[in-house]
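Can you make the complete structure from the sequences, with help from the hints?
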Amino acid sequence: MKNILKKLLQFGIIISPTICIYSQNTDSVLINQINNLTILENENDYNEGENYTPPMLHSGKNIIPNNLTFGFFPVRYRYRGYESNYNEVYINHIPINTLDNHSTPFNIYYGLNNTLRSLEYSNTINFNSFTFGNIGTHNNFDITAGNKRPTKQITYAYNNKILDQKINIIYNSGFKKNGYAFSLAINIRGSTNGYIPGTSGMNPALYVAIDKKIKKHILTFATLTAYSNIAAKSATTKEVYQLANSNYYNPTWGWDNGKKRNANNYKNFLPTIILADNHRINNYIQLHHGISITKGYSSNSGLDWYNAPDPRPDYYRYLPSYYKNTDITQYQNLLKFYANNPKALQINWYKLYLINQSSSDQRALYILSERRTNTTMITANSTITAFVTNNLHLTAGISIRYQNNRNFRKIQDLLGAKYWVNINPYIEQSYPSDTSIIQNNVEFPNEKIYKNGKYGYDFAINLSEQNTWVQLDWTKNKWNYSFAADYFTHQIKRQGYFQNGLFPNNSKTISPNYSFSNVNIKLGINYAINGKNYVQILIANLYQPPNVNSVFINPNTRDFVNNQVKNTHIQTTELSYIKNDSKIKLQINTYYTLIKNANENRYFYDDYYQSFASYILSNIQKLHYSGEIGIEYKFTPNFSTTGVVALSNNKYRNNPKLLVSSENNTTTLSNETVYLKNLHIPTSPNNLYALAANYSNGYKWSIRFIGNYFQNRYVSINPYRRTQLLLQDLNPITQNESIHSITHQEKLNNSILFNSLYSYSIPIYEKNKVQTISFFFICNNILNTKNIISSGYEQMRMDLKSYDINKFPNKYNYAIGRNIYISASITL
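So the number in this note's numbering is just where the residue sits in the sequence shown, counting from 1, plus 24.
These are computed hints drawn from the structure, not numbers from a lab. Because the structure is a prediction, the values reported are computed rather than measured. Watch out, some of these pointers could steer you wrong.
[Stated by the list, open to error] Cβ-Cβ distance ranges computed for the label pairs, FRET-style:
id	residue 1	residue 2	range
1	701	412	30 to 38 Å
2	593	753	31 to 39 Å
3	783	374	44 to 52 Å
4	783	509	39 to 47 Å
5	511	295	30 to 38 Å
6	173	474	50 to 58 Å
[Unchecked claim] Dumping the calculated DSS-like pairs for lysine-lysine here, alpha-carbon to alpha-carbon at most 27 Å:
id	residue 1	residue 2
7	291	478
8	284	810
9	771	701
10	291	472
11	360	771
12	442	475
13	810	771
14	348	825
15	675	658
16	239	200
Even glycine gets a Cβ: it sits at the ideal position worked out from N, Cα and C.
Encoded structure:
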């Protein structure tokens, strides 16, 4: 212990002047490092003889996505512009992506990043040993206790984002003589004040695993339990940021009895149990069987109100711009008012309580509402890997999956009132004399709802999926051929629990089972020019079932179905050249991906129909194509540089159909063509440039400095602004400027970010044991640039009288400034 303290003191003197450098989202960065840098094969396992033909580059180190993922998170970068629903995550070969929208439920293992290690990683349509795959990234995490190096470790970390304090404790026993192995990880993260005002969070997490060796089997029982409660921010307009004199203004919070209180809280609790069996029959055949069960909930809160002023402080009618062209005096008065009263830009909790307590019979006019989904997921999965001959490798798998989502709205806080009435205020505005049609549940008319009671809607979505896939790898001389096929069937069904007054015959119902199925195929050819240079071509024809909100139209209140929806169809090909030797690593990719029959959906308040509306875009075509180049050069064994350039073109390729439905109307209100062709797929940068310098002094310390430049980013669009219905009253000659302002897609600013990492490890030798003290420093956005827009979108509301887009201007989020992460750990 004395030696440890001595080393700590020495280290403090050595590194105290160090300036640290990186991470917009440290946990995301760390998990991406795990995902991208942990590979299945070791480069040193292969000699460099010209006659050696390597297998397909399924899982080798890929310097292009590694470096792009690391540096461009602050601007919501997605590899090649692909949507996140094309990414796949597995735990011990068991798929955990959700069936309702194909997303990755990161909240299952949120905060347990140090515990997870990737058995295998692959990107795009490269081949791997645990899944057929998709066009995104694929990770297979290993939670087997016996595969973890015997370790006792405690870590403390600090960063200046939402979760600023972190304590992590890890214990791994390794396999004992009795064939058992144990693993435990406890993680606690939290803060009361994040970088952005009003944000905070709490994230305790626990991982426990027990292994048992029985002959040729390794049986694993593991649990992943993570709870998160994040007080978030929301986007707003540039006018409000200017009024607040900060790009980090947050309209979702206000002062309540002297404490900051946020209305928008995101809670997730999805505990998961996994039973797995790794059966190595012999040196040529291995089986993986597994069952996972997840049961928990996800929710987000927000203010709801009835027949009362909008409580949001950035509501457009409260802002100076609302009066700029009609009442210049009021405009100037409001400018002065907000300059002298910055608290007026936050939620006035005291006023909400006062109004509720003053209302007739203390009926709630304002409540804090919670949109909640209770989720159950069950998956059974088996895979086999086998060397059929010296040249032929077989991989195959089968999975059966089930998911139930119970969706409802509940009252989290009555804000001083006694009860809430379960009626629809928007329908009441349209049909004030009809007391039946306004009911959210006609079985209990004018029902009084109390704290934690359900209101508004209550329905379930049942989903199931069966999947079978097979993959063959055949090697002959310098050639390697890979072929894979996958067949899936996907079923969706809705069950309602509230009988809605507007849809009495279509709400509390059990819908038919809607089924989607197809066959996926991909082919890969790899040619080894020699032991250091390879050429690879990949081709795939893929399908993916639609998400729930594209199948059902407003499932909150009815069982109506979108008859235009189909499986998303993906056709993609890519050609790569890879050079890999001890001095230089080079990779050049060119790719072309066409996505057809894609779907998008929006839910918002529509001024035209005076109610909440659902917009479903169907038959969308998206085109992603261009090229990438990555190079890593070692000047010395300790010093290297890495450069990556990724130039992509991500656009809408056609003019899809827009289906519009409203909460207060039983018919489809619009089925319009949307003129999206050649508009840009939003948010993620199209062009990226990264340059890094790396120095490592062996085991003890390393430093990395990175410069990242990005350009060609665009806001998310409002499809209705590109329809003939909206533009038909505008004269293309006399009102051409208005037409251009409505249909133009805003381009976001280009920028540059400088980041750096520094790590230092101190080995301490005591009684034939090696103990290690490790320090890790990261800092993102060294220059503290605070004007980088991380994302933006067009508001769905429109001024349909004067067609003035400035009445509902675009909303933005800004990337945070300098973000520091510091950690210290002791490993025994």
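Here is how each hint holds up against the structure:
1. 701 / 412: 30 to 38 Å: violated (48 Å)
2. 593 / 753: 31 to 39 Å: holds (36 Å)
3. 783 / 374: 44 to 52 Å: The hint (44 to 52 Å, Cβ to Cβ) holds, given that residue 783 and residue 374 are roughly 49 Å apart.
4. 783 / 509: 39 to 47 Å: At 44 Å between Cβs, range holds.
5. 511 / 295: 30 to 38 Å: Since the Cβ atoms of residue 511 and residue 295 sit about 32 Å apart, the hinted range of 30 to 38 Å holds.
6. 173 / 474: 50 to 58 Å: At 53 Å between Cβs, range holds.
7. 291 / 478: holds (17 Å)
8. 284 / 810: holds (24 Å)
9. 771 / 701: holds (16 Å)
10. 291 / 472: Holds: residue 291 and residue 472 sit about 26 Å apart, inside 27 Å.
11. 360 / 771: violated (32 Å)
12. 442 / 475: This hinted pair holds, its Cα atoms lying about 9 Å apart.
13. 810 / 771: holds (18 Å)
14. 348 / 825: holds (16 Å)
15. 675 / 658: violated (37 Å)
16. 239 / 200: Holds, because 14 Å separates the two Cα atoms, which is no more than 27 Å.
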